[in-house]
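*Asks:* When you get a sec, could you build the whole thing from the sequences and use the hints?
The primary structure of each chain is shown beneath.
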Amino acid sequence: MENRTCCNHQLPEGYVPEHHKDANAAYDHFLITSETLSLDKACNLVRSDSAGAISTFEGTTRNTFNGQRVIRLEYDAYQPLAKTEWYKIVQEARAKYHILGTSMHHRIGRVDVGQTSVIIAVSSAHRADAISAVHFLIDSLKVRLPIWKKELLDDGTNSWKQNESIDLDAHQPISH
Amino acid sequence: MVRVLYFASARDLTGKDYDDVDIAKTFEGRSTVPLNMLLEYIEKLYTGKNIFQSALFAVNDEYRDRASNVGVKNSDNVVIVPPVSG
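Chains as they are written, first to last, in the working numbering: chain X, 1 to 176; chain F, 1 to 86.
In case anyone wonders, no lab produced these hints; they're calculated from the structure. Any given hint could be a false lead.
Unchecked claim - List time: in silico DSS-like cross-link candidates among lysine-lysine, alpha-carbon distance up to 25 Å:
no., chain 1, residue 1, chain 2, residue 2
1, X, K21, X, K83
2, F, K25, F, K73
3, X, K161, F, K49
4, X, K83, X, K41
5, X, K142, X, K88
6, X, K150, F, K16
7, X, K83, F, K16
8, X, K161, X, K150
9, X, K83, F, K73
10, F, K49, X, K150
11, F, K16, X, K161
*Replies:* Rendered as C-alpha cells:
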C-alpha cells in the first residue's frame, strides 16, 4: 500500500490534500466594507487543520507621499466588477500554488494614517505557497481591481491616485 | 437604457455618478452599438474634459477593450474605470 506524497511530504493513507483547483466562495472570501478591518477575522476564515501556514498582507495608510505629508486616504470601489475580477485572480493563484483558503478584505471610505485599507490572508500546507500566493494576490489586486483612493495632503489638496505599474509575470508558479 | 457609471476622476470631471443612454433613441433605432460608438457619444457630451484618460472599460461587469467591438444594448451596464489605486 502506497502512501501519498505532496511536495515531497508523506501523507497518511487515504488522506486527500484539500488544495482546490477552482476558486469558490466557500473557501475564497471576498469583502468590501466601510468598517474597520480585522486581521483575526481574515485569518480565521482561512484557518485549516490541513494548513502548515497562514501568510498575510496588510496595506496601511502611510503619512507621506512624494515629499508631502498625507492626512488620510479615501477609498471608493465598484463592487460587482471587483468581485468577479477577484475570483479570476484567485483562480489564477490556485493554478500557480497549492493553497487551501483565501480571504481578501478591502475598506472603502476614510482610512486615516496608520489604519488598514486591505488585508489578504492565505493558508497552505507548506509555507512557500502561502507566502508566494499572498504576494501574487496583492500585486494582482493593485493592477486589476476597480478600487480607487483619493489622497488628502496637509496643504489641503486632494487627488485620485494611480498605482505604479507592476510586473505580474514575475510571479512564477511553484512546482510540486 | 444603458447605464454608464463614472468613478474617481471620471466622476469628478462629469460631475455625475452615471448617465443613462437610450440606444435606440440615440443611435437611429439601432438595438446594439459597438462599445466604441457609445464611448465616443459620451465623450462628445463632455467635450474638452478628457474624461476617459487612460481608463479601462467594463460591460456587464467584464473588462472589455474599447476596440473589441463588443455590442452594447439597452439594459447593459458600462463602467468607466480610471487608473486604479487599490
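*Asks:* All hints are to be evaluated individually against the structure, with a verdict given for each.
*Replies:* Hints, verified against the model:
1. Using a Cα cut-off of 25 Å, the hinted pair K21/X and K83/X holds, with the two alpha carbons roughly 18 Å apart.
2. Annotation: proposed proximity of K25/F to K73/F holds, straight-line Cα distance about 12 Å (limit 25 Å).
3. A C-alpha spacing of about 18 Å is found between K161/X and K49/F, which places the hinted pair at or below 25 Å, so the restraint holds.
4. Between K83/X and K41/X the alpha-carbon distance is near 19 Å, which keeps this suggested pair within the 25 Å criterion.
5. Annotation: proposed proximity of K142/X to K88/X holds, straight-line Cα distance about 14 Å (limit 25 Å).
6. Taken as a hint, the K150/X and K16/F pair is honoured in the structure, with Cα atoms around 17 Å apart against an allowance of 25 Å.
7. For the given pair, K83/X sits about 24 Å from K16/F by alpha-carbon distance, which is consistent with the 25 Å threshold.
8. A distance of roughly 6 Å separates the Cα atoms of K161/X and K150/X; the hinted pair therefore holds under the 25 Å criterion.
9. Taking the CA atoms of K83/X and K73/F, the gap is near 23 Å; set against the 25 Å cutoff, the hint holds.
10. Of the supplied pair hints, the one linking K49/F and K150/X holds, its CA atoms being roughly 19 Å apart against a limit of 25 Å.
11. The straight-line distance between the Cα atoms of K16/F and K161/X is roughly 19 Å, inside the 25 Å bound, and the hint therefore holds.
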